[in-house]
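K.L.:
Next come the chains, spelled out residue by residue.
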Amino acid sequence: MPAFLKATSFHLPENILSNDQLNSEFPEWSAEKISQKTGIYERRIAAKDEYSSDLAIKAAIKLFEENAIDPKLIDFVLLCTQSPDYFLPTTACILQQKLGIPTSAGALDYNLGCSGFVYGLALAKGLVVAGIAKNILLITAETYSKFINHQDKSNRTIFGDAASASLIVADSEEGAEVGDFSLGTDGAGAENLIVKNGGMRYRNVEAKDIYGDNGFERNDSDLYMNGSEIFMFTSRAVPTLVNETLLKNQLNLDDIDLFVFHQANQFMLDHIRKKLQIPADKFFIYLRDCGNTVSSTIPIALYNAMAEKRINKGSTVLLAGFGVGYSWGGVILKY
Amino acid sequence: MNIDEFITKFTLQLEDVEETEVKPATVFRELPNWDSLTAMCVQTMILDDYEVKLSDQELRSMVTVQEMFDFVESKKI
Chain A
1 MPAFLKATSF
11 HLPENILSND
21 QLNSEFPEWS
31 AEKISQKTGI
41 YERRIAAKDE
51 YSSDLAIKAA
61 IKLFEENAID
71 PKLIDFVLLC
81 TQSPDYFLPT
91 TACILQQKLG
101 IPTSAGALDY
111 NLGCSGFVYG
121 LALAKGLVVA
131 GIAKNILLIT
141 AETYSKFINH
151 QDKSNRTIFG
161 DAASASLIVA
171 DSEEGAEVGD
181 FSLGTDGAGA
191 ENLIVKNGGM
201 RYRNVEAKDI
211 YGDNGFERND
221 SDLYMNGSEI
231 FMFTSRAVPT
241 LVNETLLKNQ
251 LNLDDIDLFV
261 FHQANQFMLD
271 HIRKKLQIPA
281 DKFFIYLRDC
291 GNTVSSTIPI
301 ALYNAMAEKR
311 INKGSTVLLA
321 GFGVGYSWGG
331 VILKY
Chain B
1001 MNIDEFITKF
1011 TLQLEDVEET
1021 EVKPATVFRE
1031 LPNWDSLTAM
1041 CVQTMILDDY
1051 EVKLSDQELR
1061 SMVTVQEMFD
1071 FVESKKI
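Protein chains in written order, with the working numbering: chain A, 1 to 335; chain B, 1001 to 1077.
Everything labelled a hint here was simulated from the structure, so no lab data went into it.
Keep in mind it's a predicted model, so treat the numbers as computed, not measured.
Any given hint could be a false lead.
[To be verified] Using 30 Å as the maximum straight-line C-alpha spacing, the simulated BS3-like pairs for lysine-lysine come out as follows:
hint : chain 1 : residue 1 : chain 2 : residue 2
1    : B       : K1009     : A       : K33
2    : A       : K153      : B       : K1053
3    : B       : K1009     : A       : K146
4    : A       : K37       : B       : K1023
My request is simple: use the sequences and hints to build the entire structure.
P.N.:
Okay, structure coming up:
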C-alpha cells in the first residue's frame, strides 16, 4: 500500500531579526557578508510568550484552510520538536485538543532536529502502510531561539523559529507518493550539537559563559554547535545518503528533477551540491527570509518550490535531512 | 604525498584562487579573506582527500601551511 504526502504548509512567527540588527550587535560581520555566506537576510524569532505548540497550531490551521481539510478526519498527530512546551505531557496531545482533532486519534512527539521531517514521513508512511491510521497530521515546530545565547553570533545568524504542517494519507490525487527511505544514525557526534543542561543528567546545573580566543564560545545551558565538526560530518554523510536514497529507489542522479535538502546555510549547501555535481538549477535553496528552521526547512522549501512551479505534477524530488544526533534520512517524492 | 599537491588542494579552498600565491611558509591566517568558513573547507578537504581529521584545536596551534602539511603527513596511515 502506498502513502502520499498530500499537502504542506508552514507558519513563521512575526518578530524579525535582520542582518542589520546582527551587524549592530556584532560589528565584525557586515550585513552583506552575512547574506553572501549564509544566504539568509532575515530570520523570525518567537515572541517571549510564544512556544512550539503556538507555532504548530498556526501552521496546522493554515494547512487546513489552504487545502479544505476537516480536522475531524485526522486520526494521528506526529509532532517533531526539540523545544516542546513541557517535559510532559507530549505536546502533540495539546495540539489534538486545540485543533479539534477527534479523541480517537493517536498523538506523539518525537525528538529530532534537521532530519526530523524525513523521519516524520517514514513514521507516517509506516502507520499508513500498516493500516494503523489513514490521515496523519505531521507537524514540525521549533523555537531554538529560546536556547540560543544572546552572545552566540553564529547560531543567532543561522537559526530561525518556525513550524510546518503536512498531511500524509493512504490515497490522493494531489501531492506526492512517498518512496523508499535511507536512514542513518551516529551518536558519536552527539556532543557536537547539543543543549547539555536541562534534561535529567544535568537538570539544575548553574552554567557559566565560556570565552575563547574568538570571544563567546559556549554556555552548557544553551545550544552549542561545533561548526567545523558538523561541516565535516555533513560533507561526508550527505553524498552517501543521496546515493543510498537513489539506489533504494532504483534511480540515477539524472532522474531527479529537484533536490530539496535540509536548508542548513548557503555555504554548506553549495559545498555539498558541488561535491555531488548537482546542477544549480536542480538544487532548491530557500533561506532568504527564514534562515535554518531545523526540521521545518524541508517542508518550507517544498511549499515554496511548488509555489514557484519548480515542482509540478510528474516531478521526482529527492529530500535529504541531516544534523543533530547525528541523524540523517533521505526519501524520494513522486509528484 | 608531496607538498605541491597539498598546496594546490589547499589553494582551491580559498575564495580568490587565481590571485593568491601560497607557499609552504605562508601564514595561512594572513591570507586575504581567510575566515572560519575557509578553515572549515580546508579541514574538510584534509578529511576527504587524506583521511586525516584536523580539529579546531590542532589548527589553532598552527601558523604556516608547511605545519599543516607536516601534521597531515604525520597522521596519514
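K.L.:
So, for every hint listed, does it hold in this structure?
P.N.:
Structure-based check of all given hints:
1. This hinted pair checks out: K1009 of chain B and K33 of chain A have alpha carbons roughly 25 Å apart, not beyond 30 Å.
2. For the given pair, K153 of chain A sits about 26 Å from K1053 of chain B by alpha-carbon distance, which is consistent with the 30 Å threshold.
3. About 40 Å separates the Cα atoms of K1009 of chain B and K146 of chain A, which puts this hinted pair outside 30 Å; it is violated.
4. A hinted pair counts as satisfied when its Cα atoms are at most 30 Å apart, and K37 of chain A with K1023 of chain B qualifies at roughly 27 Å.
Checked against the numbered hints above, the structure breaks only hint 3 and satisfies the rest.
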